Structures are given as structure tokens and as C-alpha cells.
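Trainee: These protein sequence lines are chains A and B, in that order. First residue of the first sequence: 1, per this note's numbering; consecutive thereafter. First residue of the second sequence: 1, per this note's numbering; consecutive thereafter.
By construction, these hints were calculated from the structure, which means they are not laboratory data. None of these values were measured; they are calculated from a predicted model. You may find that some hints are simply not true.
Each computed DSS-like pair below joins lysine-lysine, with the alpha-carbon atoms no more than 27 Å apart [unchecked claim]:
{"id": "1", "chain 1": "B", "residue 1": "Lys-26", "chain 2": "A", "residue 2": "Lys-636"}
{"id": "2", "chain 1": "B", "residue 1": "Lys-26", "chain 2": "A", "residue 2": "Lys-715"}
{"id": "3", "chain 1": "B", "residue 1": "Lys-26", "chain 2": "A", "residue 2": "Lys-708"}
{"id": "4", "chain 1": "B", "residue 1": "Lys-85", "chain 2": "A", "residue 2": "Lys-636"}
{"id": "5", "chain 1": "A", "residue 1": "Lys-666", "chain 2": "B", "residue 2": "Lys-37"}
{"id": "6", "chain 1": "B", "residue 1": "Lys-85", "chain 2": "A", "residue 2": "Lys-732"}
{"id": "7", "chain 1": "A", "residue 1": "Lys-662", "chain 2": "B", "residue 2": "Lys-26"}
{"id": "8", "chain 1": "A", "residue 1": "Lys-450", "chain 2": "A", "residue 2": "Lys-531"}
{"id": "9", "chain 1": "B", "residue 1": "Lys-85", "chain 2": "A", "residue 2": "Lys-629"}
{"id": "10", "chain 1": "B", "residue 1": "Lys-85", "chain 2": "A", "residue 2": "Lys-673"}
{"id": "11", "chain 1": "A", "residue 1": "Lys-705", "chain 2": "B", "residue 2": "Lys-85"}
{"id": "12", "chain 1": "A", "residue 1": "Lys-708", "chain 2": "B", "residue 2": "Lys-85"}
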Amino acid sequence: MVDLEREKILSNLAAEDFIGRNVELDMLLRHAKADGKTNALLVSSAPSLGVSELLRQTYDQLFFEQGEVIPFYFALRKSDKTARQSATRFLQNFLQQVIAFRRQDSKILDAVCDVCELAEIAPPGDGYWIDRLTETCQTESRLNNDSAFVRNCLSAPLRALANGAKVFVMLDDLHKAENFTGEIDFIEEINEIFSRSAMPFVFAGRRRFLFGKDVNDTETLEIKPLSFAEAGSLAENLAARYGVKINEQTRDLLAVQFDGNPLFIKTLLQSASEKRFSLDSFQKVEQLYTDEIFGGKIAKFYDAVFDEIAPRIETRKSILSLLFDAQSDEHEKTHVEAWQTRTNLADAEFFRAMRLLNTNEIIGLTSNLVETMGETLVLNDYVAARFRLEIVLQNRALTVGETLSEFVKRAPRLMSEFYRKNSAIGLREILGVFDCQEIPVALLDYSRFKDDLKGAPNEEILKTFRNETEKIILPQIIYTAHTVSFYPQFAQVTERERSAVALGFIESNYTDDDETVWIAAEIDSKLEAKKELAEFWCDRLEMVALMCNFPNYKIWLVAPEGFSPDAIEILQSRAAFGSSKKQVELLVEFLGAKDALGEKINANEYEMVVPMGEDTELIAAQTVEEIAKRHHFAPKAINQIKTALVEACINATEHSHSPDRKIYQKFTVENDKIVITISNRGLRLSDKKAEEIQPNEGRRGWGLKLMKNLMDEVKFEQTDDGTRISMTKYLKK
Amino acid sequence: MNTTITIPAQTAGETATVFAGDYLNKLSGETIERECKRKLEAGAKRLIVNFSETEIVNSIGVSILLGVIDAANNAGAEVIFSDVKEETVELFEMLGLTNHVTLN
Numbered sequence: 001m002v003d004l005e006r007e008k009i010l011s012n013l014a015a016e017d018f019i020g021r022n023v024e025l026d027m028l029l030r031h032a033k034a035d036g037k038t039n040a041l042l043v044s045s046a047p048s049l050g051v052s053e054l055l056r057q058t059y060d061q062l063f064f065e066q067g068e069v070i071p072f073y074f075a076l077r078k079s080d081k082t083a084r085q086s087a088t089r090f091l092q093n094f095l096q097q098v099i100a101f102r103r104q105d106s107k108i109l110d111a112v113c114d115v116c117e118l119a120e121i122a123p124p125g126d127g128y129w130i131d132r133l134t135e136t137c138q139t140e141s142r143l144n145n146d147s148a149f150v151r152n153c154l155s156a157p158l159r160a161l162a163n164g165a166k167v168f169v170m171l172d173d174l175h176k177a178e179n180f181t182g183e184i185d186f187i188e189e190i191n192e193i194f195s196r197s198a199m200p201f202v203f204a205g206r207r208r209f210l211f212g213k214d215v216n217d218t219e220t221l222e223i224k225p226l227s228f229a230e231a232g233s234l235a236e237n238l239a240a241r242y243g244v245k246i247n248e249q250t251r252d253l254l255a256v257q258f259d260g261n262p263l264f265i266k267t268l269l270q271s272a273s274e275k276r277f278s279l280d281s282f283q284k285v286e287q288l289y290t291d292e293i294f295g296g297k298i299a300k301f302y303d304a305v306f307d308e309i310a311p312r313i314e315t316r317k318s319i320l321s322l323l324f325d326a327q328s329d330e331h332e333k334t335h336v337e338a339w340q341t342r343t344n345l346a347d348a349e350f351f352r353a354m355r356l357l358n359t360n361e362i363i364g365l366t367s368n369l370v371e372t373m374g375e376t377l378v379l380n381d382y383v384a385a386r387f388r389l390e391i392v393l394q395n396r397a398l399t400v401g402e403t404l405s406e407f408v409k410r411a412p413r414l415m416s417e418f419y420r421k422n423s424a425i426g427l428r429e430i431l432g433v434f435d436c437q438e439i440p441v442a443l444l445d446y447s448r449f450k451d452d453l454k455g456a457p458n459e460e461i462l463k464t465f466r467n468e469t470e471k472i473i474l475p476q477i478i479y480t481a482h483t484v485s486f487y488p489q490f491a492q493v494t495e496r497e498r499s500a501v502a503l504g505f506i507e508s509n510y511t512d513d514d515e516t517v518w519i520a521a522e523i524d525s526k527l528e529a530k531k532e533l534a535e536f537w538c539d540r541l542e543m544v545a546l547m548c549n550f551p552n553y554k555i556w557l558v559a560p561e562g563f564s565p566d567a568i569e570i571l572q573s574r575a576a577f578g579s580s581k582k583q584v585e586l587l588v589e590f591l592g593a594k595d596a597l598g599e600k601i602n603a604n605e606y607e608m609v610v611p612m613g614e615d616t617e618l619i620a621a622q623t624v625e626e627i628a629k630r631h632h633f634a635p636k637a638i639n640q641i642k643t644a645l646v647e648a649c650i651n652a653t654e655h656s657h658s659p660d661r662k663i664y665q666k667f668t669v670e671n672d673k674i675v676i677t678i679s680n681r682g683l684r685l686s687d688k689k690a691e692e693i694q695p696n697e698g699r700r701g702w703g704l705k706l707m708k709n710l711m712d713e714v715k716f717e718q719t720d721d722g723t724r725i726s727m728t729k730y731l732k733k
Numbered sequence: 001m002n003t004t005i006t007i008p009a010q011t012a013g014e015t016a017t018v019f020a021g022d023y024l025n026k027l028s029g030e031t032i033e034r035e036c037k038r039k040l041e042a043g044a045k046r047l048i049v050n051f052s053e054t055e056i057v058n059s060i061g062v063s064i065l066l067g068v069i070d071a072a073n074n075a076g077a078e079v080i081f082s083d084v085k086e087e088t089v090e091l092f093e094m095l096g097l098t099n100h101v102t103l104n
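One chain only, chain B, in its complex shape (with noise of 0.2 Å):
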């Protein structure tokens, strides 16, 4: 079993894009988490955390993300999660996700 995964990411301007794969938990938020300090650090604004690959999140993941929405708001930037399923996006809600980030 691999223990480290790759993130894919993009950038744009200002926007960078970062693609979770088919399950969030612990290694692969981990890995979303350092992916997006990077971009900050490179001086991205908008960062979108595209969701369309996610199939299944567990509570570990979702915690992860607040600390990327956390970084995020420090460095002055806006987060988007992208494409995100309706089960994840229920997910989301139940532990008051949605209230920190935009859905699109």
C-alpha cells in the first residue's frame, strides 16, 4: 500500500486549483493541506479545491479542510470547493463546513 498519494494542482494567475481525489481522509487531507499552503505561499488568492473526483469523506478529511480554510483566510485568500457531490456536500453542512467556504 502507497503511503504517500500526489495531488494534482493547477494555477492560474491568482487562482490555484487543487484536485482531491476519490476519498478524503487523513493522508490524502494532508497532502490538500500542503498543496494549498504552497500556493498561499506562492501567492495565490483564490483557491478552489475541486471535488469532482471525491466519492467518500470521513470526518478526519473534513477536519483537515478547515485547518486549508484557516490558512487560507490568514494569507488574506478566498477558498471554493468546486464540484462537490450532493452526499459530500450534506457532509459538509452537518459539520458546519459551509458556513467557512463557497460551494460551486
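One chain only, chain A, in its complex shape (with noise of 0.2 Å):
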């Protein structure tokens, strides 16, 4: 479990302001301990998702257990410019970070030293290998050995473990690898190393540099963007940390418009403290955001990236110029050869110049084709920015009010997408789990389910299914997409997630007349549909299938009631399958393809205020005894939350001073979980004189103890004018 107190040793977030990787902290701190099925363990990422923090978040835990395992963070450094630079590096960190945690001083980390000098301050059990190691690597600097001087150095950390010293190594950012000009091949060096070693280590970067890469046995770790949940509970700590007013509304447009990117949030909410700015509309979010675009940090870090793939002025015009003209291309891929025409570079420059952009996602290539990232949305408008103030040579003023005029229509549209795309039922991911399975035909058919099933508890139906003899197979589906990929104008019928295409054959037999196409559609009807709308939506999917050519196909479409018999009667006619929308939900059960669908917002968020005194903490536990009962928590776990609330009611009641005598309180449940919020007017813990949480004789200030043993994850903050307990427990299945 990870401790929430911790001081912040290598990583820049607080331990509680670190949302939404629990499960990879976990398989780190696991992987670190050697609990991994292999010693290497491959965590890759797109840009700016918080792999580095990850990995300075476990170093620092590990730092602050002082277990068996002293834990190493490496980071490749853009200004390595060779294999033997960064080497030099390495042995220096090492040797620092190993002497630090032997001396349990986080300040040693601090020091400028040399080799020489940390062997000096080493504690005795180690001082005898640390003595050999760097007169080894001393001798081979002497002698220019530079293969044998950076195979030394990189070993540095097996010579430890032979010395009995545990050590879990963590190399980060190796694409910048790419970038080392001589002979040696660092990935290769540190490979070679590492995975013939016994001990637990971690490779490190984008995920376009590391996929393929030849490591030997490894686990694997993608780190994906936060969810939107997660995302929405960053920007909250952010804003409270750094005094920034937030809302609702504003927080869940940070969510949306940042994909959940951890990076962009925070440095927004950065920007908005430092320029004391509140974040309470849509307006002012998107008037910091024009500011961030237009010369803030979000486009200093972009403008480092394309500095860095194109160092000459000319070279970053054409590419600005080249994505930006995709952003407005129907055609989503053009060839190699046209990006090098318009660049005008010679081979060597342009490879490496389209490696870069791959690595970054800024494109992605593909044998000889450029896609361009159409859904990321900040590089979007980055590009735009800089295209229309460098390239068109617009006026700046006329460009930033434009530009903020923009964005300030669009960001209620990002969120009505996002509303529609979460509301969807999923088609294409319930499409994408098709498999060959035998399942009852009333799971499809309208008509059957409407007759025998409709109105019957959940359990009855599923029992039904079970002795159903009148089955169908369905098909297994290799390829799925939302059709306006297959065909573009289809956007104009119904939004992206209302409807996809599935490509895959009858009983997996692979001949060309096994092969068939599922064309599904969600549509909109508050009651059965009628007839006219079956025959409107079987039109438009047989248009779809005639456009794209698709001989064998069979359409599908969903309504929230089901369909009219004269509606039924259509869908017979062009063998189509309809269902309701409780149809599919028990599709999916059925399947048990509950976890292919992802996340979706809950909304099971309670909220409650109760006067302070007077046991009325006894109502609130109450309260959420039930909404725990109600979402399957185990008496046990129930007793637990209680007794944890009780006692956050009791620390706000006890020690707050409350002017308003209230205690706000917030419980949601999210899929796997329970969060309690606890919050209260007064003095904070920060504030109060060091006696007045003096425990009296040992036998009280156990609240606080309490609520950390009985609940997963406890954290407190410091709000302007009083406290805020979060704290959850997770749903054991």
C-alpha cells in the first residue's frame, strides 16, 4: 500500500495528487520486490502521460519503505549526446541515489558530486565495491576503452548486487536514445546488460520507440491517459493545491478537452494560480487555454518537440504547414514521398525528422504512409496557432481573438460529444467480442424477446436463455471500426460511437464466402420505433454496405424500446436483426464482455450536510450503510466505512472550531469502489498549536489512525478555510 504522506523526493506531485495509477504503482512496487513472472518490465506510453512521474512516484516510495530494495530512477537527457555522456551519468546517479538511501538522506540527492567524492561519503558495507567500480571506470576513461568504459559504468548496478546490495533499476526515456551520435548502441548496451541480469529492472518511453524493441522475456505496461473520471479528480487536488477556483462544469471541460492528459491539466491550473486566475467558466478555461496556445507552456513544450525534430527554421514551416493542411484533408493518409517533396530535405535528415514526429505522435507512419493525428486536439490547435501567426503571417491580435472565439463556441460541443459518445452503448466494442458463440436468437430478435421475455427480472430471462434450444452463432469478428471510417459521409446520418462495421467470417472457416460484415446502428425512438425508421436506418446501412462493397453483410439495429410489428416486418424483409437496448445489455452479460466496454460515467453521487454534534454522525453512517448495502459491499467492509466516517465526523466535530457547526458530505460509487468525502469549515489540521494533537495518555487522537487501517486509501487536505477528508474503500470481489 502506498504511503500518502511521503515526502516528495524525486517525483513533483504529492503522493495523494497522484490519481488514477494505483494498478501501475502496484505492479511496480510488485515488480520491484521481484513478485514479477519476469525480471524486465517494459512500461511504454504516447507522450506526456506521466510515465516519469510513475516511475518517481515508486522510487520514492521505495525510498521511503528503506526495504531490501534500494531503488535507482535513470532518465536519458536530451543533452546526452552520446552513449558514453549519459554512461558517465548513470554511474554518477547510481552511485548518488545508492549512497542517499543507505544514509537514509534524501538531501544527498541534492549535491553536486563527482564519482570520486560519493565514494568517499559511502557507508562502509559498501565502500569496497564502490572503490573498485570507480577505479575500473576511471582506468577505462584513461585508456579511451569507450565500449568497455560504458559496459562498466551501466554495470554498475549488477556489481551492487553481487556486493549483496538489491537494487531496481529504472531507466526512463529512452527514446532520446535516438539521438546519440557514435559507434556505441546504447538500447542495445543496456539490453544486453540487464536481461541477462537476475535483477528486476524497468525500460522506459514512448511507445512508438520501445514496441518492437528486441527485449528479451518481458512484461508489459501500457500506460494509457487518465479516464475521465480520474482526470476530473486530478484537476480538483490540482485547483485545491494551487488556489485555482474551479467547478464542476469546468473540471469535467478539462477532462474532456485534455483526453485525460495529466501533463496539460496540470499546467493549466499552473498557469491559472500563477497568474491568479479563476478557472469558473467555460470562457475564462478557454481564455487561459488561447493564452497557453499562443506562447504559454503548452506551446513551449510543443515548440521544444519541434525544435528538436526540426532544428531549421525552414524545415518546422514545412511541416506546420504539412499538418496543417492535413487538418483540413479529407484524405487522412498521404504518401512518404509528398511530406519529402514538400520538405525538401534529403534522406537521412527526413527519415530521422519522420521518426521524431512518429515517436511523438505527431503523425503516425505506417510503411510508406503518413496519418495524421486527427482526434489530438491540442496539437491540433498548436499547429493552427503557429501556422496562421508564422506561416500566413496573420495579424496576432486578429489570430488570438479568433482563435478564443473558437474555442469558446467549442467547448460546449466537446462536451455534448462527449455526453453522446457516453451514452452510447458501445456497438463497436460489443461487435469486437463476437466470437463464434452460440447464443439464444431472443438476444437479437426483437420479436422473440418482446413476446416470451419483456418485463421479466433479469435472473428469470437469463435462465431462459440458458434452456433456450432456438440459437444462433455469431460470427467471428476480426476488424472492427465506427463506419464513418469506412465511409466518411455517414456523419451526416448519426454521431461516430451510434454506429459501426465489423469484418469477420461465419464459423471462423477463412474462405471468401465465410466472410461477412455486421453494419449496426444505435437509433433514437422513445418508443418502439415504427416502420418508417427501420426503413430509414436499413437504407442507410445498405448504403453503407453498397459504398464499401461488402457482399455478405447483415444489419443491426438497436432501439432504446424495441421495434413496431409492421417495424419487425421491414427488418425480416432485409434479414436484418433489431434489438432494444435491455437486449443488449443482456447480450453483454451473456458474453460477459462487461469489461470490453470500458469505462462509463456513474453517476451514483450522494451528497449530504448534517449539523455538527448530537451524534448526528449516526445519520451519516446510516446513509451510507445503505448506499454501500445497495452497491454489494460486504457487511464486513460496511462496519469498516461506518466506523471511518463516524470518526471523520468526530476529528471535524472535535477539532475544527466550525463556524457554521456543519459537515458536508459527498459519497460516490464508482464501478470497484466507494469514495467518502468529509469536508468542514473551521481551523485545518495545518493550523492547529502542536499539544492540541497530542494524544491525552495514549488514548485518544486514534481517529486518524482508525480511518487509515479500516479504509484503502485516506487523504487529507488543507482547503482555504478547513479540512476535507477523501477517503475509499475498494469493492473485494
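Dock the two chains into a complex; use the hints.
Mentor: Pasting the structure below:
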């Protein structure tokens, strides 16, 4: 379990602000203690999703624990020009981190020391091997034997292990090795050294760089963007920490607009804090975001990326023009040759630039095609801003003004798209799990379902399904995409997420005759869908089949309340399936595919305010008991939740000197957990004098200890005028 | 809201039994403490606190129970917590109460 109150050593965020990566952090901690299946773990992600922070948090936790394993974190830098430079820094960092850990003194990490100075302050137990190591490296260095020097430096953790010091090596930003010059292949060297060792290690970097790297027997961990809920929590936490006023609407906008990117969320909130700027309306968010795009920290982030990709101004301009053109081009892919012609670069420079564009996910590079990353909103905004200012040379005030206006108009649109997407049933994902399963016809055919099962309890329906004799076999689906990806004009008919195409085979016989395509759409109708509506949608989906040249296809329509008898006749005449939303829910359950549908927003949030005193904490405890029961928490867990809640309420009542004498409580239930937030106005914990929080003869002041022991996570926050405690209990299955 | 509560208690020979209510907090804890002290003063050598009705316990209530244990020790009496629910046992263990008292 991660301790939320440990100090920051290498990490940039306080442990309690490091949100949404518990599973990953836990996996790394287990790996550090050699609990992994293999000793190698490859951690990859798209740019700026927080891999470095994850590794730094892992470092801090292991340092805090002071267990058997010594953490070592090393990140390649852009300033490392050769493998030798990087290896020199590696050795220095390694010794510094080992000594800091052994001496339990993280301040050693801040000192500027060379290897010899570090050897002098090594604890006696490590002195021998550290001396030998530094001597060997100095000898190799004097002999100018680069290869042996690099190898010796990078093998330092193995020497430590041979002398009884167990080290967990985390090598970060490996994609930066792409820029190294010289004979030595850094990645090959570290792979050679560590993959043969028994020590647990992590190689981390950009996913497109690491993909296909030949690391033996590796476990992999891909870091994804934060979910909507996690991104919202991060925004809330950081806003509280930086003293930036936000509200629920702008919190959600930040989560959606930045697509769960923690770096951008943090950057915007930091800028708001520095400028003492509130983010409590969409207009204010977009105003600050516009500043960020036109020269703020977000712009500087991308400036650095583009400067590295294309050091010459003219090349940068060409690339920005190509990217801008691609934004408005309906053809998503272009030939590499077209890019080379426009950039006018020689082969070596061109392919280096293309590789870096690809690694940084500014483009997608497959065989000889270039695909632009149409859904990366922030990147597209940055490219458009630079294009208009630097290439078209448009007036700055006009450009900024027009862009801000566009962003303000776009914000509610983004949210609408998100709401629609979130409410879609996920046809593409459901089709993706079709794999020759045999299912009752009534799961797809509304006429069968309506007659026999509509209105029956789920258990009875599922029992009937198990005994059902009339069944169909689903196809084996091998590829799915939204219909607009096959036929872009379909965007005029419905939203992207509400229609999908799935390519596959009937009964996994891989012959031309067995090829099949399912084309599915979710349609709106408050009552059973009528004949005209069914006909309209069948026509549209048949058009897709025609335009995409699908000879064997099956249409599947889903309407919330199913289909009227005359609509069913239409569906039957087209050999189409029509289902109700209820059937789809049952189908998902029947196929065991709930996980495939991913996270949906769960509106299970309850709020209450109780006055302090008079045992009102019992009212809160009874409320949370009802909520937890409803969400299938075990009786023991419910009692623990109630007790922790009571302690939080007592804490608020006893210590706050609250002016309004109220306790504000929020209970949020998500898929696998309940989060209880207790807030009060008045004295903050940090405002209290030492004697006020001294336990009385060891018999008081147990509240915090109990909360921590009873709940899975507990977090204390100081607000401007009071204290907030968040406690999480996971639903154990 | 009542600010006083009554704690049922019974005595058989040198054994006194005090029944805790459904919520062990400051108020009910202090009432139990007062009742136990009375029983000890009356010569009880075996003090049973019955938790069969207790659903929820808070840390202030637990701290007061420690006072009861001290008082019993000083009087040379044994303290037994009976019919304690599993969840409450867990809480007592967390706070080290089970080192000082017999549970049954």
C-alpha cells in the first residue's frame, strides 16, 4: 500500500495528487520486489502521459519504505549526445542514489558530487565495491576505451548485486537514445547487460520507440490517458492545491478537452495559479487555454518538440504547413514521398524527422504512408496557431481573438460530443467480442424477446436463455471500426460512436464465402421504433454496404424500446436484426463482455450536510450503510466504512471550531469503490497547535489511525478555510 | 435529543454485568464507566461488559473503556468483554485494547 504522506524526493506531485495510477504503481512496486513473472518490465506510453512521474513515485515509495530493495531511477536527457556521456551520468546518479538510500538521507541527491567524492561518503558496508567500481571506470576512461567504459558504468547495479545490494533499476526516456551519435548502441548495451541479469528492471519510454525493441522475456505495461473520472479528480486536487477556483463544469471540460492528459491539466492549473486567474466558467478556461496555445507553457512544450524534430526554421515551417493542411484534408493518409518533396530534406534528415514525428505521435507512420493524428485536439490547436502566425503571417491580435472565439464556441460542443459518446451503448466494442459464441435468438431478435421475456426479471431471463433451444452462432469478428471510418459521409446521419462496422467470418472458416460484415447502428425512439424509422435506417446501412462493396452483410439495429410489429416486418424482409437496449445489456452480460465496454460515467453520487454534534454522525453512518449495501459491499466492509466515517465526523466536530457547525459529506460510488469526502470549515489540521493534537496519555487521537486502517486510501487536504478528508474503500470481489 | 442514557446492569454474587448500547461513543462510554465504577465500589471482582447490542464503536468510546479497565485493575477485578461482534473485535485489536482484557 502506498503511503500518501511520504515526502517528495524525485517526484513532482505529492503522493495524494498522483491520481489514477494506483494499479500501475502497485505493479511496479511488486516488480521491484521481484514478484513479476520476469525480471524485465517494459513501460510505454504516448507522450506526456506521466510515465516519468509514475517511476519517480515508485522511487519515492521504495525510498520511504527503506526495505531490502534500493531504487535507482535514471532518465536519458536530450543533452546526452553520446552513450558515453549518458553512461557517465548513469554511474554518478547510481552511486548518489545508492548512498542516499543507505544513509536514509535524500538531501544527498541534491548535492553536486563527482564519482570520487561519492565514493568517499559511501557507507562502510558498500565502500569496497564502490571503490573498485570507480577505479575500474577511471582506468577505462583514461584508456579511452569507450565501449568498455560504457559497459562498466552501466553494469554498476550488477556489481552492487554481486556485493549483496539489491537494486531496482528504472531506465526512463529511452527514446532519447535515438539522438545519440557515435558507435555504441546504447539500447543494445543496456539490453545486453540487464536482460542477462536476475535483477528486476524497467525500461520506459515512448511506445512507438519501444515497440518492437528486442528485449528478452518481457512483461509490458502501457500507460493510458487518465479516465474521465480520474482526470476530473486530478483537476480538482490540483485546483485545490494551487488555489484556483474551478467548478464541476470546468473540471469536466478540462478532463474532456485535454483527453485525460495529466501534463496539460497540471500546466493549465499552474498557469491559472501564477496569474491568479479563476477557471470557473468555460469562457475563462478557454481564455487561459488560448494564452497557453499562443506562447504559454503548452506552446513551449510543443515548441521544444518541434525544435528537436526540425532544428532548421524552414523545415519546421514546412512540417507545420503539412500538418495544418492535413487537418482540413479529408484524406487521412498521404504518401511519405509527398512529405519529403514538401520538406525538401535529404534522406537521412528527412527520415530522422519522420521517425521523431512518429515517436512523438504527431503523425502516424506506417510503411510509406503518413497519417495525421486527427483526434489530438491540443496539438491541432497549436499547429493551427503557429501556422496562422508564422506561415500565413496573420495579424496576431486578430488570430488570437478569432481562435479564442472559436474555442469558446467549441467548448460546449466538446462536452455535447462527450455526453453523446458516453451514453452510446458501445456497438463497436460489443461487436468486437463476437467470437463464434452460440446465443439464444431472443438476445438479438426483438420479436422473440418481446413475446416471451419483456418485463421479466434479469435472473429469469438469463435462466430462460440457458434452456433456450433456438440459437444462432455469432460470427468471428476480426476487425471493427466506426462506420464513419469506412464511409465518412455517414457522419451526416449519426454520431460516430452510434454506428459500427465489423468484419469477420462465419464459424471461423476462413474462406471467401464465409466472409461477413455486420453493420450496426443505435437509433433514437422514445417508444418502439416505427416502420418508417426502421426502413430509413436499413436504407442507410445498406448504402454503407453498397459504397464499401460488402457483398455479404448483416444489418443490426438497436432501438431503446425495440421495434413495432410493422417495423419488425421490415427488418425481417431485409434479413436484419432489431434489438432493444435491454437485449443489448443482456447480450453483454451473456457474453461476459462488460470489461470490453470500458468505463462509463457513473452518476452514483450522494451529498448530505449534517450539523455537528448530537450524534449526527450516526445519521451519516446509516446513510452510507444504505448506499454501500445497494452497491454490494460486504457487511464487514460496510462496518469499516461506517466506523471510519464516524471518526471523520468526530474529527471535524472536535477540532475545527467550525463557524457554521456543519459537516459536508459526499459519497461517490464508482465501479469498484466508494469514495467518501468529509469537509468542514474552520481550523485546518495544519493550523492546530502541537499540544492540541497530542494524544491524551495515548488514549485519544486515534481517529486518523483508525481511518487509515479501516479504509484502503485516506487523503487529507487543507482547503482555504477548513479540512477535507477523502477516504476510499474498494469493492473486493 | 436525550443527553442522558440508561445502561442496564445486573449483579450476581461478585460478578457484575453491564450492557453497552448500540453505539459506543463518549456519552454512552461515560455512562458505562460510571456504572462499572459503581459495581467495583460495591465489591464486584468480575466485571462483564456485554456488547451484544453494539453495532458501532468510536475511538472516544474505546478510550473510555480503557479507563474502565484501569479502574478494574486498581480494584483487583477482572474485566471481560462478552458477545463482541467480529468488526468490533477488529477495532479493539487495532487500538490495542485486547491486550488488556479478556474477550468471550
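Trainee: Look at each hint and say if it fits the structure.
Mentor: How the hints compare with the structure:
1. B:Lys-26 - A:Lys-636: Holds, at about 23 Å.
2. B:Lys-26 - A:Lys-715: holds, 26 Å
3. B:Lys-26 - A:Lys-708: Answer holds: B:Lys-26 to A:Lys-708 is near 21 Å, not above 27 Å.
4. B:Lys-85 - A:Lys-636: Cα-Cα ~10 Å, so holds.
5. A:Lys-666 - B:Lys-37: violated, 41 Å
6. B:Lys-85 - A:Lys-732: Answer holds: B:Lys-85 to A:Lys-732 is near 21 Å, not above 27 Å.
7. A:Lys-662 - B:Lys-26: Given pair A:Lys-662, B:Lys-26 holds - Cα atoms ~20 Å apart, limit 27 Å.
8. A:Lys-450 - A:Lys-531: Distance of about 17 Å is within 27 Å: holds.
9. B:Lys-85 - A:Lys-629: Given that 27 Å is the threshold and the Cα spacing comes to 19 Å, the pair holds.
10. B:Lys-85 - A:Lys-673: holds, 25 Å
11. A:Lys-705 - B:Lys-85: holds, 21 Å
12. A:Lys-708 - B:Lys-85: With Cα atoms ~21 Å apart, A:Lys-708 and B:Lys-85 stay inside 27 Å; holds.
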